[in-house]
Structure formats: C-alpha cells, structure tokens
Amino acid sequence: MSEPLLQVDDLQVAIGPADIVRGVSFAVAPGETLGIVGESGSGKTMTVLAATGLLDAPGRRISGSSLLRTTSGEAVQLTGASPRTLRRVHGGQIGFVFQDPSTSLNPMLTIGRQIEESLEAHRGLTRRAARSKATELLDAVGIPQPEQRVDSYPHQLSGGQRQRAMIAIALACDPGLLIADEPTTALDVTTQAQIIDLVRELQSARGTAVVWISHDLGVIGQVADDVLVMATGSVVEHRPITEVYYHPQHDYTRQLLAARPRLGKTAGPPPADPDADVLLEVRNLDVRFPVATPSGRSMVHAVNDVSFEIRRGTTTALVGESGSGKSTIANVLTGLLPPRAGTAELGTLDLLHARRADRRRIAMVFQDPFASLDPRRSVADALTEPLRTHGLGGDSAASREERAIELLEQVGLPAEFRLRYPHELSGGQRQRVSIARALALEPEIIILDEATASLDVSVQATVLDLLAELQKSKGLTYLFIAHDLAIVQQMSHNVLVLRDGVVVEAADAETLFADPIHDYTKMLLAAIPPDAPRAAPGGFSEDPATDR
Amino acid sequence: MSAESLTVEPATTRFSSWRLLASNPVTVASIVVLALIIAVALLAPWLAPYGANEINVANQLQPPSAEHWFGTDDLGRDIFSRVILAAGTSLTIAFAAVGFALLVGGGIGIVSGYFGGPTDAVLMRVVDIMFAFPVLLLALAIVAIFQPGIPTTIIAIGVVYTPIFARVARGSALSVRTSPFVQVSQTMGTPAVSILGRHVLPNISGPLIVQTSLSLAFAILSEAALSFLGLGVQPPDPSWGGMIFTAQGFLGLAWWMAIFPGAAIFVTALAFNLVGDGLRDVLDPRQRTIIEARRTA
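For the record, the sequence lines run as chains A and B. Taking this note's numbering, I'd label the letters of the first sequence as residues 1 to 548. Taking this note's numbering, I'd label the letters of the second sequence as residues 1001 to 1297.
Do not rely on the hints blindly, as some may be mistaken.
[Said to hold, decoys possible] A short list of chain B residues far from chain A (calculated; beta carbon distances all over 12 Å): (1) Val1028; (2) Val1057; (3) Arg1167.
[Claimed, not checked] Some, not all, of what chain B presents toward chain A, calculated at C-beta under 10 Å: (4) Leu1021; (5) Ala1022; (6) Ser1023; (7) Gln1183; (8) Thr1187; (9) Gly1189; (10) Ser1205.
[Said to hold, decoys possible] According to the in silico footprint, chain B covers these stretches of chain A (three or more CB under 8 Å from chain B): (11) 327–338; (12) 348–362; (13) 382–393.
Keep in mind the hints are simulated off the structure, nothing from the lab. Backbone N, C-alpha and C define an ideal beta-carbon position, used for all residues, glycine too.
Full structure from sequences and hints, please.
Here you go:
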C-alpha cells in the first residue's frame, strides 16, 4: 500500500455520557476504497464525521488522531483543527456525498452555482472559468445536456441526477479524498448500480481515495478494497473485502453475511393451496393526482388500469421503483386515497365504498416503524385502539388488555412491553408492535408497505421470519410491497412488476425469477449488486446477470 | 449486539420534561414568582391592610411609608391594598380570556388542519379577517357594543387572541395529520373524533401550551391597556391598568401611583413569558436533546 492519504489512529468520540466511537483506526491510500459497514447505531457515520472534523453535536468529546496528507504534501491534523483549517480542507481536499440528494442540495441555487461556489473558494477561478468547469463536471458525472442542466434547480432533476450532481460538487476541486455516506441508500436499485459504476470510473481516472459507508454488504462488496466492520462503536473486523466475504473472522460479520437477503439463495415461501378462493379482486384501478407544474396544473397518472387478484393464504408482491405506484395502490385499498375508476372487492365487500366498520377486514403495516406509532401513546394503547373501535377483544378494559398481551406474544414480545412507549423500543420491536396492531383487527388481508425496508438486515430477517410464521399459523393473506427483489423472492407466491403505474409483468414468483419476460424486470434483476464481491477472483463479470 | 435483543433499557426518560424544566434556574424562579402572585391574588382579601375603596381624604397622595407601603392615591386609598386586590381581577381576566381563545381558536385550528379542504378554506378565511383588524380596535369595538366591565373585557381579549391559537393549532395539526400513525388509525377505521382526541391533540399540545403561557403575559398587558383607556374594569373596582389611568393626572405629584401597578404588570407579564420560554425549550424534542447533551457534558 502506498503512503496513506488519511490516517486515523485510536479515534474516540463521546457525546454526553455515551461512548459513540471507541478506538477506531484505519488508513486509506490514493486510488483505494475503504468500505465501512455496520448496522444503525454502530457509529460508522460518527467515525467519519469526527475524523473529518465535521461532527458538530453539542457536548461532543473527540480524541485520537486523524492525519490528512494534502495535495501539496503537508500533513494536516483534523481532530481539534481550527474552523479555518477545516474550511481550507473541506471541499478542496475532501469531498462529501451524503445519503439524501434531495436535502443535501440547496433548493434555492442552480446546480451550476453550487459547483462553482467551491471552485471559486478553493481554486480561485473566475465566475466564467468556474462555469465552464462546472459544465465539464456535469458531463463527467453523466448528466445529459450539461450546458442546459447547469442552470437547472435541484427539483428539476431526478433523484439519480441529483446524486450525480452531488458527486460533481464533491469532486469539483479534485479532492484527494471522497467521503460517501450511504450515497445510494435513497436511490432505486437501477440508479444505485449506475452511481456505483460512476464513482469507480471517476476514482480510477483521478486516483481518488474513497471512504464508502453503507449498511449494505452487497454494495460494499462492489466498491471496497478493504472493509471495516463496525458494531456498537468498535471495529470488529478490518480486512480485505474478499477475506471478509469468504473467511469472516468475527461472529458479528458472519451474522451480517448470513442475514442479508440474497437473490436465489433463500427458499421461497411454502407452496400455497392453488385452489384457494380469490380473496381480493382488483379491476381496472386508475388513480390520478393533480400536481402544480410551471405551466399550470397537470395530472399525474399514478396507477393506470391495474388489475390483479389475490388468493386466500398467499403472498402477492408489488415490486417496482419509486414512483411506480406501489404505495398508491395500497393507499387506495385502505381508503386513504380515492381512485378515479376501478373496483376492488374483498370477498363480497366493495372495498372502495366500505363502511368504517368493514375497514378492519384489511390492515396495513407501514414502512417507518418510528413514525407509525404515536409517540405519546403506550404500546397497550396502540393495540387496544382497534379493539375498542371495532368492539373486538371483549367489552371490558381488562379483557382488551389480556388480548393485547396475547397479541404481543404472537409477535414474540413479552407482556411487560405493553407499558412501554415507542421511544423505549428498538426499530424491530416497533415493527413487531405495528404487526401486532394489524393482527388486532383480525383482518383477512394485511398490506405490508415496505414493512422491513428501514430495518437493519439482522432485524429484517427476524421480522420476515415472524411474518412467514404468522402466515402459516393463521392462514394470513399478504399484499407485500417491496423494492428489494431478494426479499420478494423469499416471501412471495406471486409477483406484479409495476412501472409508471402500469403492470408490466405478472407471474408466479418461481417463473418470474427464473425466466423474466419483460425488459424492465430483467433490468431490475440485473441491477442488484451481485453476490460475490467485485474484487473476488472471477467475482465480477461484465454481465452481472450471468453471475447467478 | 443485534438491535433486536429484548432487553432494551426500560423507561428512564418518561418524566424528564419536568426534571429538565426544574433544572433551568430562570424557569424555576419565574414559576416561584408566578405561584407567589397567584397566592397573593387568592389571599388578597385577608392580606390587604385596607379595603380597596376605603377613602381617606385626609391621607391623600401620601408617599410610601410604614403605614402605606406603596403610598396612597388622590382619594387617600392605600395603593398596596389596591394592587394586591387588583391582582385577582387581572389574573381572572387573563386566564379566562386566554382559556376562551385556547378553546375556540384551538378547536377551529385542529378541525381546520385535520380535515383540510373546504372546511379549512372557510375557517381560515374567517381567521384571516380577524387577524386583519388592529388588536385594540377589535377589542374597542367589542367593548363598545356591549357594556364595559369584566365579562366584556374577557370576551374582547379572548376574541382578539382566538386567531393566534387557531393558526398555531392548525399548523401543528396539519403536520400531525399526514404522519403515518394517524394514517394507521384512519386505515383501521378509528372515528375522526377519536383520532383527534387521542392522537392529534396530545401531539400538538406542546406548541399550544407555550402559546398559552405567552398569551397570558400579553393578556395581562391588554387588560391593562383596555382599563387604561377606560374600557375595561370600571372604577371604583381596582385594576392595574385602571390605576395607571388614574395616575397619569398626578405623575408629577405622586410617582408611586403609577410605578407600583406598573411594576405588578411588568413582573407578572415577565414571569409568564419566562415560563413560556422554559416550556418551549423542554417541549421541543430537538431543543430537549441539545439541553440534555449540554447538561451531561
């Protein structure tokens, strides 16, 4: 390894009474990528923020050393550096790309202006020179028509283009070091694949050192040379990527590797009865939203003539990228949105004109376990609300409480949890409570809208197991909305692929994954990071689809 | 190591709002001052050495002394007794008026924010119109229509403050309405009234509590202003604003006639404001994390 560009030694971070990072050391050399992987709360972001002098939490205490070798050859100590030193280094020597491109770009400035800003500050370019450099950069990151796009505002770009623009800003001054904190987590899988390729290309052309933070081992496998596995603020493993993949030393690494959903590596759900009756029948569903555009109001056709049926006791998956209309369908079925046309029948019930009392026959579990429980209501309150509303679980408060305890047991939580408030639960526990709340309605069908998407992989695996177990024991029917195809394969009997509100392919899961017909389905499957790390011998091929 | 372990730390932070509130010395001091003012107002009939309207012409315009702590006014009435007896009137008007505004304005705001659409449009236009009137002019109009007196003063101040509460409640209700936990309740078929009471109201109580304490301070001032203009509490009943009104004719002769009721208004309004600031810091979750981190560092 050549001389490191960033050398971090025994970095410690404490905020208030809590130790967030405990003695982390690593080094990155030019042209190399260090992957930092870990679950939420493992301290991966804190480590990098502290090492680059960006950590700005009240009551923080940072110790240890973080030496950056600048392009002029001097070594700068970043821990405890003055704001002046940091200003000189940030942007000029270190570029940053964060998770959510829609919040990390300034909505009031054009993309070009935001790139020019750092060129003028660090390179002393004139406005004109900065502008032509900005156009060049937009071209380099693969934004079409850069001469026009340079004058666009962030909201006029797609999510993927915004992240490309973020990368252009980060690389504007040719920094030696690029920090990428979950840069593809908020993006669709096809866009993610493009961004990974883009960063790799730029890196090999410029010799940039990259620190790439991700919770997703699949992504890390595609980008990293070395991997730092973090858990509860400490490094549990720090070795080359292939070693970590094929010979993990630490139990935690093994656990992470085992828990991640992999396409084609998990058995699908147990076969369902093919003669079961049709429970939910959706015909010609059509939803449009009015949106304000510069040229007045126009309509977005969110769901376009969608029809499908779900048999009792089966799981049907709705897959597609963001904006494909998956959640819109869920919201129409649960009465949160009115459709423009179409019918939905649950048995003999007209779902789209159902009375309030009939609403309990269809339940929904939302994506975000932090937002879908009222922070001011206890778990028992959350579970007894549907019981009270629909007169289930007995007439007395005591019998409802008993029912709540029973529901907690069904989702694998102890009875004492009924007294807790949402902030006293972990993400996985909250999602279990959400599932218990859905079960309280004794519904015939449960809609799971990205129900495990915001959970850590190990927690996601246990929640998926729970859902499968409940389906088996209670004969539940699921409408499973997800963007992660590996999970879809694990959970579903049937799959509908949606694109721009249209069903492009509908098949049973086995057929769809073995032999996808539509190009879009093929593209979705191809975009999933391959199972083997890119650095592995024979692990990377030009056509990732042949990998599996 | 996994976040799924069932032994997550149990509740330790549930009552920390009060502990945090108590750890701010300024807030504690203002709460103590407020409590004292309220106690004095309640006990005034027994504490006051003289009656509110005990006229003693021989003793008029006496400066503060051992016998008359705050001096006497143009009719020889004891100003100390009148100040503490007026506290009850001023506080009653402030609490009743703000309570009225909280109930009516808060109700309009919650309904408007939660239901949205035409309901929201109509209610908010009404609120806009109320906002457009100059505060004092609106109060003057109300007092002019009815007879001046304590009930009219309460209604006048209450109506003037209603749109403020409507705005605060609507804004908060709007953001709570679209939160997933409310949507979950909607998909479960929970009746709207129940959603409003169990989920929306508790989650917007923070801003409303803060607005209440700040408005109490302004209500004290508004009452004083109305009484000063001769439209609030009618003489000879004592009120802080009314006493200043009488004092303006004697400012050169007897400064104590204006200073002591003025100081009472100042201290009470300041105490309400400081309690409001303290509550805002504690009830805003983001502020709270910062305070907690600072204290433990």
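Minimum Cβ distance from B/Gly1189 to chain A below 10 Å? holds (3 Å)
Residue hint B/Leu1021, partner chain A, criterion CB-CB below 10 Å: Nearest chain A Cβ about 18 Å off; hint violated.
Given hint B/Thr1187 near chain A, where the shortest CB pair must fall under 10 Å: holds (4 Å)
Three residues minimum, CB to CB under 8 Å: does the segment 348–362 of chain A make the cut for coverage by chain B? Let me know. holds (count 6)
B/Val1028: least C-beta distance to chain A exceeds 12 Å? The claim stands: B/Val1028 keeps its Cβ more than 12 Å from every Cβ of chain A (closest is about 22 Å).
Would you check whether B/Ser1205 satisfies its interface hint, that is, whether its CB is within less than 10 Å of any CB in chain A? holds (8 Å)
Against chain A, with CB atoms and a cut of 10 Å, does the hint on B/Ser1023 hold up? violated (14 Å)
Would the least Cβ to Cβ distance between B/Val1057 and chain A come out above 12 Å? holds (61 Å)
For B/Arg1167, is the shortest CB-to-CB distance to chain A above 12 Å, so the non-interface label stands? Per Cβ check, B/Arg1167 is outside 12 Å of chain A; nearest 22 Å; holds.
Within the assertion that chain B covers the segment 327–338 of chain A, do at least three residues meet a Cβ-to-Cβ distance smaller than 8 Å? holds (count 3)
Within 8 Å of chain B's CB atoms, at least three CB atoms from the segment 382–393 of chain A: coverage verdict: holds (count 4)
Once the shortest beta carbon distance from B/Ala1022 to chain A is found, is it less than 10 Å? violated (19 Å)
The structure fails to meet hints 4, 5 and 6 from the earlier list, while all remaining hints are met.
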